[in-house]
Amino acid sequence: MSVGPVEVFLLVMRRELRLSFRRPEQLLQPLVFFLIVTTLFPLGLNLQLSLLRDMSPGVLWVAALLSSLLSLDALFKSDADDGTLEQLALSGQGLVLIVTAKTCAHWLVTGAALVLVAPLVAIALNIPSVAFATMMVSLAMGTLTLSWLGAIGAGLTVGLRRSNVLLSLIVLPLAMPLLIFGAAATDRAISQISPAGALYFLAALCVFTCTLAPFAVTAALRITLE
Amino acid sequence: MWTWFYKLASPPHVYSLAATFAPWFLGLAALLLGYGVVDGLAFAPPDYQQGDAFRIIYVHAPGAWMSTFIYTTMAVAGAIGLIWRIKVGHAVAAACAPIGASFTVLALATGSLWGKPMWGTYWAWDPRLTSELILLFLYVGVMSLRSAFEDAARGDRAAALLAIVGVVNVPIIHYSVVWWNSLHQGATVAKLGKPSMDAAMLWPLLSMFLGFMLFFGGVLCLRLQGEVLNRERQSNWVRQALKS
Numbered sequence: 010m011s012v013g014p015v016e017v018f019l020l021v022m023r024r025e026l027r028l029s030f031r032r033p034e035q036l037l038q039p040l041v042f043f044l045i046v047t048t049l050f051p052l053g054l055n056l057q058l059s060l061l062r063d064m065s066p067g068v069l070w071v072a073a074l075l076s077s078l079l080s081l082d083a084l085f086k087s088d089a090d091d092g093t094l095e096q097l098a099l100s101g102q103g104l105v106l107i108v109t110a111k112t113c114a115h116w117l118v119t120g121a122a123l124v125l126v127a128p129l130v131a132i133a134l135n136i137p138s139v140a141f142a143t144m145m146v147s148l149a150m151g152t153l154t155l156s157w158l159g160a161i162g163a164g165l166t167v168g169l170r171r172s173n174v175l176l177s178l179i180v181l182p183l184a185m186p187l188l189i190f191g192a193a194a195t196d197r198a199i200s201q202i203s204p205a206g207a208l209y210f211l212a213a214l215c216v217f218t219c220t221l222a223p224f225a226v227t228a229a230l231r232i233t234l235e
Numbered sequence: 261m262w263t264w265f266y267k268l269a270s271p272p273h274v275y276s277l278a279a280t281f282a283p284w285f286l287g288l289a290a291l292l293l294g295y296g297v298v299d300g301l302a303f304a305p306p307d308y309q310q311g312d313a314f315r316i317i318y319v320h321a322p323g324a325w326m327s328t329f330i331y332t333t334m335a336v337a338g339a340i341g342l343i344w345r346i347k348v349g350h351a352v353a354a355a356c357a358p359i360g361a362s363f364t365v366l367a368l369a370t371g372s373l374w375g376k377p378m379w380g381t382y383w384a385w386d387p388r389l390t391s392e393l394i395l396l397f398l399y400v401g402v403m404s405l406r407s408a409f410e411d412a413a414r415g416d417r418a419a420a421l422l423a424i425v426g427v428v429n430v431p432i433i434h435y436s437v438v439w440w441n442s443l444h445q446g447a448t449v450a451k452l453g454k455p456s457m458d459a460a461m462l463w464p465l466l467s468m469f470l471g472f473m474l475f476f477g478g479v480l481c482l483r484l485q486g487e488v489l490n491r492e493r494q495s496n497w498v499r500q501a502l503k504s
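Protein sequence lines correspond, in order, to chains A and B. Going by the numbering used here, the first residue of the first sequence is number 10, and it counts up by one from there. Going by the numbering used here, the first residue of the second sequence is number 261, and it counts up by one from there.
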């Protein structure tokens with residue numbers, strides 16, 4: 010029985026989504042972490058609203074990066090532990106396709122959820138509502154890119170016992186350009202300047218990563234699985 | 261005709277080759293660096309704007325160039341090891357990483373020492389500086405990933421893949437002064453056309469560039485010998501080489 014690539018993609022994605030919704034606490038924890046980290050900054054700044062307004066895009070983006078990083082560790086881990094990943098790799102279906110489905114599902118439950126929570130945080134951080142659209146679009150592209158970069162890191166560290174810190178060490182330098190352009194876009198939207206330049210850069214990074222990263226992730230998994 | 265090329269994949273051959281080349285590289289590097297340092301620091305005319313402070317370019321520019329050059333070398337060597345499963349490739353990549361990281365630190369340190377009198381600050385969040393800092397983090401990531409694996413062969417291949425992914429940063433560093441309005445000045449020597457520098461300043465700089473390259477070659481040979489010995493420690497030729 011042969012299964013087409015689209016069916017494989019949808020099957021893997023459905024499996025991933027079902028697995029994540031069976032453990033809702035794993036979905037909620039990064040979001041709560043995101044909320045808590047963004048709460049820490051106003052408290053640390055002694056509630057100085059003027060400072061907060063200038064810093065809010067950066068705070069929002071750093072918190073988003075860190076919270077998506079938290080969930081990346083689990084991307085391949087449980088499947089690698091119980092041998093599912095090996096079965097998927099041996100299934101004869103393209104590993105690139107499977108990896109893409111897994112990462113897209115991961116982004117849907119982490120990145121997309123983060124984008125939806127972001128306006129709430131933005132209100133708390135005093136970001137004016139005119140900037141919400143730009144902020145959400147930039148966060149959507151940023152978290153998708155980060156999911157892919159993180160998938161490379163997760164693939165490389167999946168065989169290791171304590172991979173959390175190492176994963177951050179690998180992924181965060183690669184994610185720095187995202188932070189620069191993402192925060193710049195949000196910042197510009199707040200000061201009501203056209204954020205198009207930064208958004209285009211972010212989109213370019215996103216497309217670049219989405220096209221090449223699947224192959225890097227596949228190569229990484231093949232290294233760690235063998 | 262191609263045997264010399266195939267032999268490069270054999271650890272004992274590379275070991276003896278590195279042992280032969282190391283003194284030559286280091287000796288020539290000492291000559292060139294000696295000339296470059298003396299001429300650059302003592303005899304080259306001072307800059308019309310920066311005075312004597314510009315002289316740090318003789319260490320900074322070659323160091324920064326080496327940091328990206330070594331990264332590319334490391335990624336290419338890692339790719340050779342990854343694609344053709346040549347163990348020497350991984351040994352070269354492993355030997356490159358600490359040297360490259362040191363050159364990156366050198367470039368960042370000399371740059372910030374120069375930045376204090378010239379820009380009025382040790383550090384600016386400028387594209388060139390930031391991308392160079394990311395390069396340092398990438399080196400650290402590659403080194404820690406390699407050492408995190410208990411199985412050395414797996415660590416090598418994982419580190420090689422990460423190094424290849426990180427190569428995207430190299431053109432960003434190079435073109436950062438062109439693409440963005442950077443505080444850092446544009447290219448002086450490494451560009452098409454006439455270098456924007458007087459010959460009396462240029463010769464010691466070129467000598468330093470070449471000297472740094474040879475110094476890297478020499479240190480790489482030394483480190484590579486250590487890497488190869490460590491990796492092949494179970495084999496007969498290492499026991500014989502160490503006995504003699």
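By construction, these hints were calculated from the structure, which means they are not laboratory data. Just so you know, not all the hints are guaranteed correct.
[As the list claims (entries may be wrong)] Far from chain A by the CB rule (all over 10 Å, computed), these chain B residues:
id, residue
1, P358
2, T390
3, A408
4, F409
5, A418
[Said to hold, decoys possible] Partial pick of chain A residues on the chain B-facing surface, computed with a CB cut under 7 Å:
id, residue
6, G13
7, P14
8, V15
9, A98
10, L165
11, L169
12, M185
13, L188
14, A225
15, I232
16, L234
As the structure is a prediction and not an experimental result, all values here were calculated from the model. Beta carbons: idealized from backbone N, C-alpha and C, even for Gly.
We went through each hint and held it up to the structure:
1. P358: holds (16 Å)
2. T390: violated (7 Å)
3. A408: violated (5 Å)
4. F409: violated (7 Å)
5. A418: Contrary to the label, A418(B) does not stay out of reach of chain A, its closest Cβ about 5 Å off (not over 10 Å).
6. G13: violated (30 Å)
7. P14: violated (25 Å)
8. V15: violated (28 Å)
9. A98: violated (15 Å)
10. L165: holds (5 Å)
11. L169: holds (5 Å)
12. M185: holds (6 Å)
13. L188: Check failed: Cβ of L188(A) comes no nearer than 10 Å to chain B, outside 7 Å.
14. A225: holds (6 Å)
15. I232: Because about 4 Å separates I232(A) from the closest Cβ in chain B, which is inside the 7 Å limit, the hint holds.
16. L234: Hint violated; L234(A) Cβ to chain B Cβ min 10 Å, cut 7 Å.
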